[in-house]
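Student: Please put together the full structure from these sequences, using the hints given.
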Amino acid sequence: MTLDGFLWRPVAAGMWAQRELFDGTYDFADLLDIHEYLDVKDANAERSAEWRRKAGHA
Amino acid sequence: MTPKTKVVDVRGQKYQIRRMRPDVGSFILARVLAAMSGGASSGPMDTAVIGQSIGVFLRGLDFATFSFIQNHALSVVAKLEDDAPVPVVSDSGIYVDTDMESDLVLVMALTVQSVVFNLADFFSDGGLSTILPAQSLKPSSM
Chain A
1 MTLDGFLWRP VAAGMWAQRE LFDGTYDFAD LLDIHEYLDV KDANAERSAE WRRKAGHA
Chain B
1001 MTPKTKVVDV RGQKYQIRRM RPDVGSFILA RVLAAMSGGA SSGPMDTAVI GQSIGVFLRG
1061 LDFATFSFIQ NHALSVVAKL EDDAPVPVVS DSGIYVDTDM ESDLVLVMAL TVQSVVFNLA
1121 DFFSDGGLST ILPAQSLKPS SM
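First to last, the sequence lines map onto chains A and B. Using my numbering, the first residue of the first sequence is number 1, and each one after it goes up by one. Using my numbering, the first residue of the second sequence is number 1001, and each one after it goes up by one.
Bear in mind the hints are in silico, worked out from the structure with no lab data behind them. All C-beta atoms, glycine included, are put in the ideal place defined by N, C-alpha and C. Certain hints may be false.
[Claimed, not checked] What follows is a set of in silico ranges between Cβ atoms, one per label pair, in the way DEER data are often shown: (1) A:Arg-52 / B:Gly-1093: 49 to 57 Å; (2) B:Thr-1002 / A:Arg-19: 20 to 28 Å; (3) B:Ala-1064 / A:Arg-52: 46 to 54 Å; (4) B:Thr-1098 / A:Gly-14: 41 to 49 Å; (5) B:Val-1086 / A:Met-15: 30 to 38 Å; (6) A:Ala-49 / B:Asp-1083: 49 to 57 Å; (7) B:Lys-1004 / A:Arg-19: 14 to 22 Å; (8) A:Lys-54 / B:Ser-1067: 31 to 39 Å; (9) A:Gly-14 / B:Lys-1004: 23 to 31 Å; (10) A:Lys-54 / B:Phe-1068: 49 to 57 Å.
[Claimed, not checked] Okay, the calculated bits of chain A under chain B, using three or more residues with CB under 8 Å as the criterion: (11) 19-27; (12) 31-42.
Tutor: Here is the structure:
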């Protein structure tokens, strides 16, 4: 992921509106927090998909 | 949750530092990482190391980039007068505290403190691993 992707990741994930990157709704700490949340969410989704594959539900 | 503000003491005077906008913080972070050019650890980094790295980064900047970063860094700094925060620069970038105009040491100290406060959590939490594809995080880390 590029660092431009670092800024836009919450928008791409559908969690923030584009304008909220610039209008003061969120600050840089919020960006770090949402990354932590999305990392955990992605890791859980990956584990869930892996379990489904192994269990033959894919 | 990541703390929103921090109070620092510079020569006996307290200043409150807030967080920068996401786009500004991300822009500065990109420049810091480029300046580190592979020298950064993908794991958690010590605060002192982060401070040193950012100090080296600021010294190596061209004038325009340094001015941009300094203006944004100081725009989130407020002088605490009777615990009431008073911005040190106006929206147009003029020093509200006229003593700062001739106090390069104070200006630089606040600039570095502001950048370090805003970026330190990224490095101390091992944030570099989140932009490296080979790394993954444990769900229990939240």
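Student: Next step is simple, just say for each hint if it's right about the structure.
Tutor: We went through each hint and held it up to the structure:
no.	hint	verdict
1	A:Arg-52 / B:Gly-1093: 49 to 57 Å	55 Å, holds
2	B:Thr-1002 / A:Arg-19: 20 to 28 Å	22 Å, holds
3	B:Ala-1064 / A:Arg-52: 46 to 54 Å	52 Å, holds
4	B:Thr-1098 / A:Gly-14: 41 to 49 Å	47 Å, holds
5	B:Val-1086 / A:Met-15: 30 to 38 Å	35 Å, holds
6	A:Ala-49 / B:Asp-1083: 49 to 57 Å	51 Å, holds
7	B:Lys-1004 / A:Arg-19: 14 to 22 Å	21 Å, holds
8	A:Lys-54 / B:Ser-1067: 31 to 39 Å	55 Å, violated
9	A:Gly-14 / B:Lys-1004: 23 to 31 Å	25 Å, holds
10	A:Lys-54 / B:Phe-1068: 49 to 57 Å	51 Å, holds
11	19-27	holds (count 5)
12	31-42	holds (count 8)
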